[in-house]
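*Asks:* Please model the complete structure; the sequences and the hints are all you need to start from.
Heads up: take any position in the sequence shown, counting from 1, add 200, and you land on our numbering.
It should be emphasised that the hints constitute simulated quantities derived from the structure, not laboratory data. A portion of the hints provided could be inaccurate.
In silico DSS-like links for lysine-lysine, alpha-carbon gap of 30 angstroms or less [said to hold, decoys possible]:
| hint | residue 1 | residue 2 |
| --- | --- | --- |
| 1 | Lys-271 | Lys-215 |
| 2 | Lys-222 | Lys-237 |
| 3 | Lys-271 | Lys-219 |
| 4 | Lys-237 | Lys-360 |
| 5 | Lys-222 | Lys-245 |
| 6 | Lys-271 | Lys-222 |
| 7 | Lys-234 | Lys-222 |
| 8 | Lys-219 | Lys-245 |
| 9 | Lys-234 | Lys-245 |
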Amino acid sequence: MARKSKMTKSEEKVKYPVKHIKITTCGQLYQTWKASKPLYERAPKNGLTLDVEYADNLSLINTDNESHNTKLMVCLHGAPGSHSDFEAVIQHMTRVGIRVIAPNFPAHSSAIYPTTLLWCDPNCPQIDSFVFLNPGGHRRIKAMRPVWYTEGGVKVYQNKWGRTLFQIFGTAFLNLTKTVTVKADNMN
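*Replies:* Structure, rendered in structure tokens:
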């Protein structure tokens, strides 16, 4: 006979609210790069306008919404990723009364750069600490197509001579196709 699990109210899963906000980013950066980096000559003049989906549990925690004393945790995912990577963290922090904001970065690299900028910018809010989690695996991302091309590229790159080919021809390939990597000056 199977026993029923008795979850207390504090242990129940709470579905956190998902919200949306429109942001425009990279405008000044692209203008600077257009002048000095040929790969960015077709970048949007005013930057990128994105509909950013984010998780925010403020409405679920027992606190005054106007309170400035509420502790805040910001969860920034890697690439690929989303706020759903932090579901267990959000649920736990909701139970202990800590606000969590976890934005998605749609087609916009990973969180390492925004995190570094937040840490270094004296005009940003005070940050007490960072915790880096990597829940991702080592499998091919489903969106990377065609499969034969991406997996073939990985096989070539795993070979010492293949890496040399990437380093020699990679930047030329990006210039021809007008595509951009995270760092166009480093093919590794």
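*Asks:* If a hint holds in the structure, say so; if it does not, say that too.
*Replies:* Hint check:
no. : hint               : in the structure
1   : Lys-271 to Lys-215 : holds, 20 angstroms
2   : Lys-222 to Lys-237 : holds, 27 angstroms
3   : Lys-271 to Lys-219 : holds, 20 angstroms
4   : Lys-237 to Lys-360 : holds, 29 angstroms
5   : Lys-222 to Lys-245 : holds, 17 angstroms
6   : Lys-271 to Lys-222 : holds, 25 angstroms
7   : Lys-234 to Lys-222 : holds, 24 angstroms
8   : Lys-219 to Lys-245 : holds, 27 angstroms
9   : Lys-234 to Lys-245 : holds, 9 angstroms
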